[in-house]
Amino acid sequence: MDVQDAVAEGNSVASAEDNGDGKRDGQRKFTMGPNDSLEGKLVYDGHVHVDGRAEGEFKVTGNLDIAQGATARISIEAANVTVKGQVEGAVTARDKLTLAKNARLSGDIVVRRLQIEDGASLNGHVRMGDIEQNPSGG
Amino acid sequence: MSRIRPAAKVRSTEPPANGSDGDHSSVVLGPRDRLVGSLYIEGDLRVVGTVDGELEVTGSVEIDDGGSVTGPVTARDRLVVGRAGSLKGDVRVARLVVQDGATFSGKVSMGQAAVAPPKAVTPVIEPEPIKAPEAIKAPEAIKPPEPAKPPQPVKSTQAAKPQPTRAPQTKGKRR
Chain A
8 MDVQDAVAEG
18 NSVASAEDNG
28 DGKRDGQRKF
38 TMGPNDSLEG
48 KLVYDGHVHV
58 DGRAEGEFKV
68 TGNLDIAQGA
78 TARISIEAAN
88 VTVKGQVEGA
98 VTARDKLTLA
108 KNARLSGDIV
118 VRRLQIEDGA
128 SLNGHVRMGD
138 IEQNPSGG
Chain B
8 MSRIRPAAKV
18 RSTEPPANGS
28 DGDHSSVVLG
38 PRDRLVGSLY
48 IEGDLRVVGT
58 VDGELEVTGS
68 VEIDDGGSVT
78 GPVTARDRLV
88 VGRAGSLKGD
98 VRVARLVVQD
108 GATFSGKVSM
118 GQAAVAPPKA
128 VTPVIEPEPI
138 KAPEAIKAPE
148 AIKPPEPAKP
158 PQPVKSTQAA
168 KPQPTRAPQT
178 KGKRR
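Chains A and B are the protein sequences, given in the same order. Here the numbering used here is used: the first residue of the first sequence is 8, the next is one more, and so on. Here the numbering used here is used: the first residue of the second sequence is 8, the next is one more, and so on.
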């Protein structure tokens with residue numbers, strides 16, 4: 008499932024491989040900067056760091072973080088999801104979802120583990136437990 | 008107006024947190040305590056035991072150390088589900104903390120707006136607005152005139168013509 012089918016504005020995707028730290032714990036990393044934006048569907052084998060603006064659907068085999076100041080209207084599926092910015096959309100964390108103290112999340116979430124720090128804001132339905140795995144991942 | 012008397016039952020090893028200083032109560036449901044029903048507290052609540060029911064608290068709620076709550080929770084300040092706490096129910100809170108390891112399922116409504124309407128505090132009874140009499144419409148009495156009876160057997164050919172109804176006029180014509 009090494010598919011990357013992102014529809015991006017500007018040259019945000021160009022920064023994907025060289026901007027981030029490339030490989031971390033053996034996984035590739037897709038890094039967006041604060042001025043980048045991405046609209047569409049992204050299926051990525053590795054970690055994703057979202058800054059700037061994102062809209063659409065992200066399916067990630069590794070971890071996904073939403074930086075502080077970032078705004079995302081996306082549905083997310085990833086192993087670990089960390090939100091420090093603002094997210095509107097459904098979130099599935101196969102392992103853990105963390106909402107940092109300035110996070111704002113509006114949407115239904117399905118997680119195995121959940122951590123919400125004081126100051127974070129959440130509106131939506133929480134379901135906790137085992138996530139049914141999608142064998143193909145896409 | 009707490010509906011339980013915590014002092015009577017709570018025999019936990021928790022720090023002696025139960026008590027009330029006038030307006031503010033502090034209640035601990037210890038590990039061997041159990042509440043089935045609904046509880047309203049003007050103050051803070053710490054649940055280390057089991058609650059099956061509805062909680063509403065003007066201060067903070069903390070569920071931890073094996074504490075388990077099944078039912079809706081409203082906390083006008085803060086709700087903390089500790090790493091060894093479990094909560095299954097919809098929550099309305101101003102602030103929410105969920106520690107890693109906690110179990111939590113339910114709908115979350117957050118922010119001051121979500122907890123704004125004080126449910127258990129002196130319900131404001133508004134008088135029902137009395138409707139002005141003119142607002143009540145008279146029943147519609149005018150029904151469309153029924154098509155008078157099924158067609159009658161007609162006497163003659165004349166009757167078939169539509170006769171203009173000018174009964175009063177015929178008087179004046181022929182003196």
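Simulated from the structure, these hints should not be mistaken for lab results. Treat the numbers as computed from the prediction; the structure is a model and nothing was measured. Mixed in with the good hints, there may be bad ones.
Stated by the list, open to error - Each computed DSS-like pair below joins lysine-lysine, with the alpha-carbon atoms no more than 30 Å apart:
no., chain 1, residue 1, chain 2, residue 2
1, A, 103, A, 48
2, A, 103, B, 114
3, A, 108, B, 114
4, A, 36, A, 103
5, A, 108, A, 48
6, B, 95, A, 36
7, B, 114, A, 36
8, B, 95, A, 48
Outcome of the hint check:
1. Proposed proximity of residue 103 of chain A and residue 48 of chain A is supported: the alpha carbons are some 22 Å apart, at most 30 Å.
2. Proposed proximity of residue 103 of chain A and residue 114 of chain B is supported: the alpha carbons are some 18 Å apart, at most 30 Å.
3. Between residue 108 of chain A and residue 114 of chain B the CA atoms are separated by roughly 20 Å; this keeps the pair inside 30 Å, and the hint holds.
4. Distance hint between residue 36 of chain A and residue 103 of chain A is fulfilled; the C-alpha atoms sit about 19 Å from each other, no more than 30 Å.
5. Under the criterion of a C-alpha separation no larger than 30 Å, the hint pairing residue 108 of chain A with residue 48 of chain A is consistent with the structure, at around 28 Å.
6. As the CA atoms of residue 95 of chain B and residue 36 of chain A are separated by approximately 36 Å, the hinted pair breaks the 30 Å bound.
7. For the hint pairing residue 114 of chain B with residue 36 of chain A, the CA-to-CA distance comes to about 33 Å; that exceeds 30 Å, so the pair is violated.
8. The hinted pair formed by residue 95 of chain B and residue 48 of chain A fails the criterion: a straight-line CA distance of about 33 Å is larger than 30 Å.
Hint compliance for this structure: hints 6, 7, 8 are broken, all remaining hints hold.
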